[in-house]
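Asks: Sequence:
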Amino acid sequence: MARMKLNARMSTGGKAPRKQLAYKAVRKAAPPTIGVKLPNSYRPGDQTVCKPAPPTDGVKEPHRYRPGKMGLREIRKYKKNARFFISKLPFHRLVRKITQNLKAHLRFQSTAMPAPEEVSEAYLVKLFEDAIHAKRVTLVPKDIQLARCIGGVLA
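Just so we're aligned, residue 1183 is where the sequence shown starts under the numbering used here, counting upward by one.
It is worth saying that the hints were derived from the structure and are not from the lab. Please note that a few of the clues may not be correct.
[As the list claims (entries may be wrong)] Calculated lysine-lysine pairs in the DSSO-like style (CA-CA distance at most 30 Å, straight line):
id: 1; residue 1: Lys1308; residue 2: Lys1270
id: 2; residue 1: Lys1261; residue 2: Lys1251
id: 3; residue 1: Lys1308; residue 2: Lys1259
id: 4; residue 1: Lys1262; residue 2: Lys1251
id: 5; residue 1: Lys1279; residue 2: Lys1324
id: 6; residue 1: Lys1262; residue 2: Lys1308
[To be verified] Label pairs and their calculated CB-CB ranges:
id: 7; residue 1: Lys1324; residue 2: Gly1253; range: 12 to 22 Å
id: 8; residue 1: Met1252; residue 2: Gly1333; range: 20 to 30 Å
id: 9; residue 1: Ala1294; residue 2: Gly1333; range: 20 to 30 Å
id: 10; residue 1: Leu1288; residue 2: Lys1251; range: 41 to 51 Å
id: 11; residue 1: Gln1327; residue 2: Ala1304; range: 18 to 28 Å
id: 12; residue 1: Arg1255; residue 2: Gly1333; range: 26 to 36 Å
id: 13; residue 1: Ile1332; residue 2: His1245; range: 17 to 27 Å
id: 14; residue 1: His1287; residue 2: Lys1242; range: 53 to 63 Å
id: 15; residue 1: Pro1244; residue 2: Ala1190; range: 49 to 59 Å
Ideal Cβ placement from N, Cα and C applies to all residues, glycine included.
Start from the sequences, fold in the hints, and give me the full structure.
Replies: Written out as structure tokens, the structure reads:
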């Protein structure tokens, strides 16, 4: 069967627009302000109004993530890179201060400093891994004490 070619026709007006219901006209005319709750189904005489929201003066609230989401994001971020979590200079100062208390005038080669840094970081990572056994978002001191007792180091 052969197809016929149709020409596009311009609209000459067509039907008149339908009248909107009263509640739809109100809804489109003025958008609801914060705090005013519009009913799902229109019932004459029924107005549901909440307390008006406090004025924000045009200041937008910062976005808040759910508890633990940023922590998990940080864990993924730090797993990707191979550098230390503890800053070098503060850690080196701490090591020097502790060794000065044990023995005065003790010096370190620059190549020897990563060894205590790596060992201490491995210990802390293992301690925190053991401490999150309760699946809580926040670590509590009793979690770390329990992890130290189980790991062999007394609290």
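Asks: So, for every hint listed, does it hold in this structure?
Replies: Status of the hints after comparison with the structure:
no., hint, in the structure
1, Lys1308 x Lys1270, "20 Å, holds"
2, Lys1261 x Lys1251, "16 Å, holds"
3, Lys1308 x Lys1259, "18 Å, holds"
4, Lys1262 x Lys1251, "17 Å, holds"
5, Lys1279 x Lys1324, "29 Å, holds"
6, Lys1262 x Lys1308, "17 Å, holds"
7, Lys1324 x Gly1253: 12 to 22 Å, "19 Å, holds"
8, Met1252 x Gly1333: 20 to 30 Å, "27 Å, holds"
9, Ala1294 x Gly1333: 20 to 30 Å, "26 Å, holds"
10, Leu1288 x Lys1251: 41 to 51 Å, "45 Å, holds"
11, Gln1327 x Ala1304: 18 to 28 Å, "20 Å, holds"
12, Arg1255 x Gly1333: 26 to 36 Å, "27 Å, holds"
13, Ile1332 x His1245: 17 to 27 Å, "38 Å, violated"
14, His1287 x Lys1242: 53 to 63 Å, "58 Å, holds"
15, Pro1244 x Ala1190: 49 to 59 Å, "52 Å, holds"
Violation of the numbered hints given earlier is confined to hint 13; every other hint is satisfied by the structure.
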